[in-house]
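2 protein chains.
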Amino acid sequence: MINWLEPLRSALREEFGDRPVVVALATVSLAAEPAGRHMICRGVGDDGRFTFTMDGRSEKATHLSAHASAECAIWLGRLRRQYRVSGRVTIESDAARREQTWRELSSATRSTFFGPPPGTPVVPGERRSRDANIDAQPGSFTVFHLVPDRVELLDLKTTPHDRTEWRRQTGWTALRIHP
Amino acid sequence: MINWLEPLRSALREEFGDRPVVVALATVSLAAEPAGRHMICRGVGDDGRFTFTMDGRSEKATHLSAHASAECAIWLGRLRRQYRVSGRVTIESDAARREQTWRELSSATRSTFFGPPPGTPVVPGERRSRDANIDAQPGSFTVFHLVPDRVELLDLKTTPHDRTEWRRQTGWTALRIHP
Numbered sequence: 001m002i003n004w005l006e007p008l009r010s011a012l013r014e015e016f017g018d019r020p021v022v023v024a025l026a027t028v029s030l031a032a033e034p035a036g037r038h039m040i041c042r043g044v045g046d047d048g049r050f051t052f053t054m055d056g057r058s059e060k061a062t063h064l065s066a067h068a069s070a071e072c073a074i075w076l077g078r079l080r081r082q083y084r085v086s087g088r089v090t091i092e093s094d095a096a097r098r099e100q101t102w103r104e105l106s107s108a109t110r111s112t113f114f115g116p117p118p119g120t121p122v123v124p125g126e127r128r129s130r131d132a133n134i135d136a137q138p139g140s141f142t143v144f145h146l147v148p149d150r151v152e153l154l155d156l157k158t159t160p161h162d163r164t165e166w167r168r169q170t171g172w173t174a175l176r177i178h179p
Numbered sequence: 001m002i003n004w005l006e007p008l009r010s011a012l013r014e015e016f017g018d019r020p021v022v023v024a025l026a027t028v029s030l031a032a033e034p035a036g037r038h039m040i041c042r043g044v045g046d047d048g049r050f051t052f053t054m055d056g057r058s059e060k061a062t063h064l065s066a067h068a069s070a071e072c073a074i075w076l077g078r079l080r081r082q083y084r085v086s087g088r089v090t091i092e093s094d095a096a097r098r099e100q101t102w103r104e105l106s107s108a109t110r111s112t113f114f115g116p117p118p119g120t121p122v123v124p125g126e127r128r129s130r131d132a133n134i135d136a137q138p139g140s141f142t143v144f145h146l147v148p149d150r151v152e153l154l155d156l157k158t159t160p161h162d163r164t165e166w167r168r169q170t171g172w173t174a175l176r177i178h179p
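Going down the list, the protein sequences come from chains F and P.
Residue 126 in the working numbering is what sits at position 126 of the first sequence, and the numbering runs on without skipping anything.
Residue 148 in the working numbering is what sits at position 148 of the second sequence, and the numbering runs on without skipping anything.
To be clear, the hints were calculated from the coordinates, so they are not data collected in a lab.
Where is the CB? At the ideal position from N, CA and C, for every residue including glycine.
Mixed in with the good hints, there may be bad ones.
Listing some non-contacts, in silico: residues in chain P with all C-beta distances to chain F over 10 Å [said to hold, decoys possible]: (1) Arg37; (2) Glu71; (3) Gly77; (4) Ile91; (5) Thr101; (6) Gly119; (7) Val122; (8) Thr159; (9) Arg167; (10) Arg176; (11) Pro179.
Where chain F lies over chain P, by a calculated footprint (3+ residues, C-beta under 8 Å) [claimed, not checked]: (12) 18–29; (13) 78–86; (14) 110–116.
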């Protein structure tokens with residue numbers, strides 16, 4: 001029983017509605033430096049896993065293949081709440097699940113996987129592979145999951161602020177902590 | 001000449017107006033794990049430094065005292081742009097500048113520095129020091145700066161997306177990179 005899951009999903013629906021769920025994902029670089037960027041969360045499973053997609057040639061893919069853990073921070077500005085979710089990262093190896101996620105992406109998002117490797121310099125005049133067949137899943141397409149070990153909720157609507165954490169190792173027992 | 005500075009400040013004004021500038025700050029924990037949380041950026045100086053405040057007893061203070069670097073990711077949802085700013089972190093040692101930042105905080109924010117150490121469990125019935133003198137700066141109040149070494153702008157309004165980076169070591173020369 002994951003007691004933080006339904007309130008979290010409900011808060012995401014209330015905050016984002018039909019818009020993409022934009023979250024900040026922190027990773028650690030090969031040089032052990034902090035890195036963070038915003039990403040679209042593609043779903044939160046019944047098992048509490050957060051699903052994301054990425055280009056396997058990107059910097060964050062390099063980070064995660066060397067150090068498979070992340071923290072995801074979700075700012076809910078309308079609700080004035082923050083969720084933090086940290087744990088280990090697993091790469092989706094099931095072809096059917098990968099294909100399903102691929103089908104759910106917009107064509108605009110799909111087309112981003114067919115360009116040159118992310119982060120490499122743009123060379124003037126180089127050809128962009130814009131007319132690729134974006135129906136077929138490219139090798140660079142990667143689906144990964146953040147499997148939570150700890151979830152934290154900070155509620156700024158109350159004074160003093162309410163802060164609660166849940167940890168897998170304590171069976172997700174809610175613990176109120178100081179903000 | 002910091003060529004990314006004025007466009008960035010202008011984008012922050014356009015996106016946030018009078019509201020707090022909420023950003024995601026990534027750090028690395030003592031166990032070399034990624035950590036990320038949202039914070040209010042208190043200003044971007046003429047030298048390009050990003051200023052923040054924190055409780056010196058917080059987890060992120062521990063992270064930064066052991067590993068003084070961070071990446072700040074700023075999602076501008078209305079403009080559909082993301083800035084990423086990474087570099088080293090310095091603690092403000094000038095008492096007058098610290099006092100000035102303290103004066104600029106709301107009383108609600110000031111009062112958060114007088115509670116029990118952040119992250120410690122709430123003990124039922126414990127006294128919250130709500131009636132502290134919130135005019136005087138407490139020892140836990142810390143001002144720090146993120147001194148950028150690299151700045152990146154991702155613009156999602158264009159197709160394909162525009163992505164530009166600037167690095168201190170190349171004199172902040174703009175480099176277009178693949179998204």
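Taking the closest pair, is the beta carbon of arginine 167/P still more than 10 Å from chain F?
-> holds, 12 Å
Per the stated criterion, does the least C-beta distance between proline 179/P and chain F lie above 10 Å, as a non-interface residue requires?
-> violated, 6 Å
Determine whether the non-interface label on threonine 101/P survives the test: each CB of chain F must be over 10 Å from its CB.
-> holds, 20 Å
Arginine 37/P non-interfacial with respect to chain F [C-beta, more than 10 Å] | violated, 5 Å
Has the region 18–29 of chain P got at least three residues whose CB is nearer than 8 Å to a CB belonging to chain F?
-> This one holds; 6 residues, not fewer than the three required, reach chain F with a Cβ under 8 Å.
Can we confirm that no CB of chain F comes within 10 Å of the CB of threonine 159/P?
-> Per Cβ check, threonine 159/P is inside 10 Å of chain F; nearest 7 Å; violated.
Holds or violated: is the Cβ of glutamate 71/P farther than 10 Å from all Cβ atoms of chain F?
-> violated, 5 Å
Given as covered by chain F, does the region 110–116 of chain P meet the bar of three residues or more with CB within less than 8 Å?
-> It holds: at least three residues are needed, and the region 110–116 of chain P offers 4 whose Cβ sits within less than 8 Å of chain F.
Does the claim that valine 122/P lies off the interface hold, with its Cβ farther than 10 Å from every Cβ of chain F?
-> violated, 4 Å
Taking the shortest Cβ-to-Cβ distance between glycine 77/P and chain F, state whether it exceeds 10 Å.
-> violated, 7 Å
Confirm or reject the statement that arginine 176/P sits farther than 10 Å, beta carbon to beta carbon, from all of chain F.
-> violated, 4 Å
Examine each Cβ of chain F, and state whether all of them lie more than 10 Å from the Cβ of isoleucine 91/P.
-> holds, 17 Å
Against the hints set out earlier in the document, violations occur for numbers 1, 2, 3, 6, 7, 8, 10 and 11.
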